[in-house]
Structures are given as structure tokens and as C-alpha cells.
Amino acid sequence: MKRLNPLALISILAILSTSCGTLGIGGGLKIGMVTDIGQLEDKSFNEFSWKGVQDGAKAVGGTAQVIVTKDIADYKQNIQQFVDQKYDVIVTVGFLIGTDTLAAAQANPGIQFFGIDQFICVPADANDKECKGKVPDNYQGLVFNEAQAGYLAGIVAGTITKSGKIGAVGGRSDVPPVVNYIKGYENGAKSVKSNVQVLVNYTEDFNAPDKGEASAKTMISQGADVVFQVAGLTGAGVLRAACNAKVWGIGVDVDQYLSLPDLQSCIVTSAEKRLQNAAGEAIKRFKDKGKQSGNYTNDATNAGIGASPIRNLSPVPAGLEDKIKQATEDMKSGKLKPV
Amino acid sequence: MTRLRAAWRVASIPVYSILLALLVAAVVIIVSSTFTATGFDPLLPLAAYLRLLIGAFGSPSGISNTLVAAAPLMFGGLAVGLGLKAGLFNIGVAGQFLVGAFASAVVGASLAGAPMLVGMPLAVLAGALAGAAYGFIPGFLKARTGAHEVVTTIMLNNAATLLLTWAVNDLVRAPGFTFPRTAAVGESALPVLIGRNLHLGVVLAVVAIFVVRWVLDRTTLGFEIRTVGLNPEAARYAGMRPVFITALTMTLSGLLAGLAGSIQMLGVIGFYAPGITASVGFDSIAVALLGRSDPIGILFAALLFGAFRAGAPLMQIETSVPIEVIDIIQALVILFLAADLIVRRLFRVRAAKPEIAELQTVTKTWGGTTPSTTPGGGD
Numbered sequence: 000m001k002r003l004n005p006l007a008l009i010s011i012l013a014i015l016s017t018s019c020g021t022l023g024i025g026g027g028l029k030i031g032m033v034t035d036i037g038q039l040e041d042k043s044f045n046e047f048s049w050k051g052v053q054d055g056a057k058a059v060g061g062t063a064q065v066i067v068t069k070d071i072a073d074y075k076q077n078i079q080q081f082v083d084q085k086y087d088v089i090v091t092v093g094f095l096i097g098t099d100t101l102a103a104a105q106a107n108p109g110i111q112f113f114g115i116d117q118f119i120c121v122p123a124d125a126n127d128k129e130c131k132g133k134v135p136d137n138y139q140g141l142v143f144n145e146a147q148a149g150y151l152a153g154i155v156a157g158t159i160t161k162s163g164k165i166g167a168v169g170g171r172s173d174v175p176p177v178v179n180y181i182k183g184y185e186n187g188a189k190s191v192k193s194n195v196q197v198l199v200n201y202t203e204d205f206n207a208p209d210k211g212e213a214s215a216k217t218m219i220s221q222g223a224d225v226v227f228q229v230a231g232l233t234g235a236g237v238l239r240a241a242c243n244a245k246v247w248g249i250g251v252d253v254d255q256y257l258s259l260p261d262l263q264s265c266i267v268t269s270a271e272k273r274l275q276n277a278a279g280e281a282i283k284r285f286k287d288k289g290k291q292s293g294n295y296t297n298d299a300t301n302a303g304i305g306a307s308p309i310r311n312l313s314p315v316p317a318g319l320e321d322k323i324k325q326a327t328e329d330m331k332s333g334k335l336k337p338v
Numbered sequence: 000m001t002r003l004r005a006a007w008r009v010a011s012i013p014v015y016s017i018l019l020a021l022l023v024a025a026v027v028i029i030v031s032s033t034f035t036a037t038g039f040d041p042l043l044p045l046a047a048y049l050r051l052l053i054g055a056f057g058s059p060s061g062i063s064n065t066l067v068a069a070a071p072l073m074f075g076g077l078a079v080g081l082g083l084k085a086g087l088f089n090i091g092v093a094g095q096f097l098v099g100a101f102a103s104a105v106v107g108a109s110l111a112g113a114p115m116l117v118g119m120p121l122a123v124l125a126g127a128l129a130g131a132a133y134g135f136i137p138g139f140l141k142a143r144t145g146a147h148e149v150v151t152t153i154m155l156n157n158a159a160t161l162l163l164t165w166a167v168n169d170l171v172r173a174p175g176f177t178f179p180r181t182a183a184v185g186e187s188a189l190p191v192l193i194g195r196n197l198h199l200g201v202v203l204a205v206v207a208i209f210v211v212r213w214v215l216d217r218t219t220l221g222f223e224i225r226t227v228g229l230n231p232e233a234a235r236y237a238g239m240r241p242v243f244i245t246a247l248t249m250t251l252s253g254l255l256a257g258l259a260g261s262i263q264m265l266g267v268i269g270f271y272a273p274g275i276t277a278s279v280g281f282d283s284i285a286v287a288l289l290g291r292s293d294p295i296g297i298l299f300a301a302l303l304f305g306a307f308r309a310g311a312p313l314m315q316i317e318t319s320v321p322i323e324v325i326d327i328i329q330a331l332v333i334l335f336l337a338a339d340l341i342v343r344r345l346f347r348v349r350a351a352k353p354e355i356a357e358l359q360t361v362t363k364t365w366g367g368t369t370p371s372t373t374p375g376g377g378d
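These protein sequence lines map, in sequence, to chains U and G.
Per numbering that gives the first Met the number 0, the first sequence starts with residue 0, numbered consecutively.
Per numbering that gives the first Met the number 0, the second sequence starts with residue 0, numbered consecutively.
Misleading hints may appear alongside valid ones.
Unchecked claim - One side of the interface only, derived from the structure: several residues of chain U facing chain G at Cβ under 7 Å:
1. V67
2. N77
3. V82
4. V121
5. N126
6. K128
7. V134
8. Q221
9. C242
Since the hints were made in silico from the structure, they are not lab data.
Don't be surprised by glycine CBs; every beta carbon is placed ideally from N, CA and C.
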């Protein structure tokens, strides 16, 4: 019997392994997170949302688990897995999974759903474009005040520009969050340098780095020495153009100094959605106040937005960090409106 | 009994490759466990594989998930396998899949309010035809100009992604969403037959397995495809038209890939958006190789890969083993299939005649050393 019989071996080991106990069962709330397509350690939406979910779980004495999504077709199944395992809270990440999250929330009223970066829109009927339908009691979209984050980025841009010209490249002009970011940015820059000139261009495309690069190049040739990207993948081209021209780029949504390591050398800051904070706070809200519904805006009042740490500048211009802090305080108190 | 033995002779290398891949991946899991919160755990692979098994087959919904995940891989595997039978390596399944999915999404959405018996068949048909058209392009180029299908299909994959992104952005974008996507397919969706998600597409996929098998084994066309694959010169000498067969096979391959996209769209996803990934496209190549281009082999290979996909969530929840392990296993399976000498040595499988013809096609087409398989190329 020299021959290895792998089938028998495997089956014996499989039987043995049933005896090793179940993992991850603790007391308290069971919180599950389904990621956006990609990987968990993406230094972007997935990673920071997951950190937030873990923070939240710790704060409420619960346990957290995550399923990483590799294909859009798996969204439903991944959410359902947490439903079948009787999880109390399910957090889903990114706008693309919104449709499946809404359906799951409607089908499982006993489970709380949070959608990170999902603006929930339930049309009342086929012709309703204003989201007049009823959002389920157990589903809350976590959205962000982009104008405030853009304002803080604008303060940075207005402070560091030498030419007095700065630029912003947007993805689409008909997507409100993009427009809000850029409006806030303009006003933020003007608050520190009232005569600053802001060049704005919408590429009308979120997936075309080449268009972003071309657009940013034009702005830089017109004298802009800081460019802010609010354009998804198109934005990577914007930042690349900044790097090539040795001017400053400003990232968006997450700290892109971390998420885009190739472009680190020219990213000075990012207008940030504080995903970690938003996810953690959402779980605490559910624990304290019960079912959460509607769209919940994360802004300066709940530390939901901010400017990423200033990078690559040494020394950091005098007073810049104080100005950011002061503006955040003023937005918190309602004294300062970014748009 | 002899039939069983014959079947085992064909299946032994793939089965051993899978086992070997699981063993090597187990080592990876153990090693990586030392870097995680769980700490060093030599039994972690067993716990993970057990959850994988339970997740995929341990409950009716698990089995349903496995079948639903396997269905597009069956179509995709058949698409690649059919090409390999004719000596063609279609790497364009990813692109043909997307084109098929998009066509079904658009036609489905425009008939979302029509009766299911009208909208659904038309949406499926649109996906199949779009895939076929997209497969015809490299087929035609190869037949006419000798342009290598590996090169053209890879490029057409990128062309599909970008073209469809543009189309969703600017042509068929649905109102009311903050991101570009098509409207929901509504009534055109493939009906769910059993449970929560076992849709009609699964039945279509299994039917396709037997249809393709019948075509390959029992029809003149199938005979010609196989002959052209084995030796185009001999096929020409025998009065067949290798040029025509090449173009036709790529078209049919594209049709099957388009159907993969169609059933995925109408059975599972429900709308097209630029973020849609076509992991099915590349997994299909692995499925075809593991199934040795044989429709029945592809059926089992697709079920295995579908089971991996369906079992992975439970594995992640209960053992915190990352889903990337699945990718490692799938890659290792292909590695061991290609390097079958390792498998033969380890398991003392007698060396047989050059059995894995499809792998030879892959190496041949990549190396480009067989001008005879590019009919018309020398003209």
C-alpha cells in the first residue's frame, strides 16, 4: 500500500475538523459587512468602512464579520448569507450594492441595514424621479456633506497657491455630490484668498483617466498650480497630470495619499468622507436608539467629513491647520455655510 | 465497471490536480494564519474547507447558490471549450459576456413592463446575438486575414468594457440614480423556479451542455469542428472549409459567452453598470481546461467552481479565511493541470498519450508555431 489514497485522507481529516469548535460566536449584536467589489485592504471605501464596523462592534459589545465581494453577481448572495446566519446589523459598502440592499431590507424587516455612501431613493411609481416612495424603517443610507469637505480642501488650495489660480475637475455636472464638492472648494479657497481664480471643468465621465489628465493639463497650462479631482477613475489622470507638471493635487472621498501610492508625491491633502467614523457611529446609533431609517448626513457636526492630513509640505504653511480647524468648528456651529 | 474505469482515466489528472491544489492552498492558509488575529492554527484549512463545503452543499439555499453560480460558468466553459475543439483559444469570453449582458439588460429594461413570455425570450435572444456578433469579429478577422484570435480577443475585451461604459453613460442611462446604470429589467427577468434564486438560466445552461455535446459528437458540423481542430490541412484535403469553420466556431463560441452574460444579467444582476466585472470570463477558461473541453467535464468543473463561489461567504464569516484563497485554489488547479508531470509522479498515474489536447492548443496558440491553424494566413 505504497500508494497515497488522498480521497480517504481528506475525508478522515474533514470528519476530524468538524470537532474543532465554532469561531466568532460572542454575546451581543452580530454585525456583518458586505464590501464593494475588490479587496478588503484597499486603503479606500472597503478598508475604512470595515475599520468603522469593527470600532462600532467593539463599542456596543458585539462581534463583526466581513464578506468580501468579488463580482457584482455575488452581492445578493453575500447579504443573504448574513441574513441566514441571523445577523442583527448588515452594513453594505458603495452605491452599486444599493439596489440589493434595499431589496434585502424590504424582505427582512427584523434586521437593520446601513448603506455606506448610498443615497436611498425609493420611487413611488415608475414615473417618480424625486424618491417619494417609502424608505424601509430598517434601512439607513449614510451620506456625506461633500460641500463641507470641499470647503476644507479649498482652504488648503487657496493657502498654497502661488499663482493665484487653482483648478477642479469634476466627473459629471449632473451628479449633485460632485457639484457640491466643487462649490465648497471654490468658496473655501476664496475664504483665504478672495481674488483666487478657480478653473472648473466637468469631463462628464467618471471612468476616463485620459480625459482627466487632458483636462488638468489644460488648467495647469493656464496657470493653475493646485488641482482638485472629483471624478472617480478619471481623477487618477488629474492627479497624474499634477505629478507630471510638479504642481499640487488634492484627492477626494478617502485619503488618496494612502489609496494611490503611485501618486503620493504630489497629493497634498484629500477632501475626505470619514467612513470609519460614519460606520462606527451608525452602529452606536442603532444600539442606543433602535431602528434607523432614511438618509443620514455625516458632516462637521458629527465628524463625518474632514481634510486628510497635510502631506508633502514642510513646513506646513503657518496657520493652515488652524484655519481648517476653525472652519470645521464654524461649520459645526452652523456659523459657516460652505455653499 | 470498465466504463467507470475509462471515465476515471480521463478524470484522474483533473481530480488529482484539484486535491493537490487544495493541499497547497492549505499550507498557504496555515502560513497566513500566523499573521492574523486568529494566530497560528494548523487546523484552520480543514475548518475553512468544511465551511466551504457546508456553504456550497449544506443547505437547499447553498445548493441553489452553487447552481446559480455554476450556470454562467457552464455557458462560458462551453464557449472556451468549443473554441479549443476547433483549435481556437477564445480569451474574449469576458468581452462577449459583457456585450451579451448589456444587450439583455437594455432589451430587458425596454420590455420591463411587457408580459414575461414576450420580454424574457427577446432579452435572452438579444444577449445571445450580441455575443455571437462580438465573437464573429475575431472569427472573421482570423478567417480573412489570419489575425491571431488570442490577440484580437484580448483587445476586444478592453474595447467592450470601454464601449459599454460610454453607452451606459451617454445612451441608456436610467434617471433617478446617482451613478450611471440601466433601468431594472423588471418582468424580463428569468423566472425563479425553486426557492429564492434558482432561476430558469440554470436549466438553460444544463440543456446547453447536452446540446453542445450532441452537436460535437453527432452532427457533421461537430465532426468538421473537431477535424479542423486536429488538422486543418487534412480537413481542407477532405473537402471541408477550415476558414468557414473557424469563423463559425468563434461566432458560436461568442453566442455561448453572450448567453452566459445574458442569464447572469436576467437571472441575478438585473441592471448594467460600468462597475460590472466579468470574472466569469476568465474563470471560464479555467473551467474549460479543467473539464478538458468535454461538455460533461465542463458541467462538473463549473459545478466545482460554482461551489467555491457559493461556499466562500460562509468560509469568510466563520473562519475569517479571506476569499482570495479561492483564487489561489483555482490558479493552482490550472497550474497542476498544465504541469501534469508533477501530478503523474506524485500519484503514480501512468503516462498516457498526449491526452490534454486542449492544453496543447493553448500552448500552441500562444507560441504561434502552427501556421497551419491559421487558415488563409499564408495567402
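Each hint, compared with the structure:
Nearest Cβ of chain G to the Cβ of V67/U: about 5 Å, under the 7 Å cut. The hint holds. At about 5 Å, the closest approach between the beta carbon of N77/U and any beta carbon in chain G falls short of 7 Å, and the interface hint on this residue holds. The criterion of a C-beta within 7 Å of any C-beta in chain G is not met by V82/U, whose closest approach is roughly 10 Å, and the hint is violated. Interface restraint check for V121/U: the shortest CB-CB distance to chain G comes to about 10 Å, outside 7 Å, so the restraint is violated.
The restraint placing N126/U at the interface with chain G is violated, with a minimum CB-CB distance near 10 Å, outside the 7 Å limit. With a cut of 7 Å, the hint placing K128/U at the interface with chain G holds, because the nearest CB-to-CB distance is about 5 Å. Of the supplied interface hints, the one on V134/U is violated, with its beta-carbon coming no nearer than about 14 Å to a beta-carbon of chain G, more than 7 Å. A cut of 7 Å between beta carbons decides the hint on Q221/U: the least distance to chain G is about 27 Å, and the hint is violated.
Hint status for C242/U: violated, given a least beta-carbon distance of 24 Å to chain G, over 7 Å.
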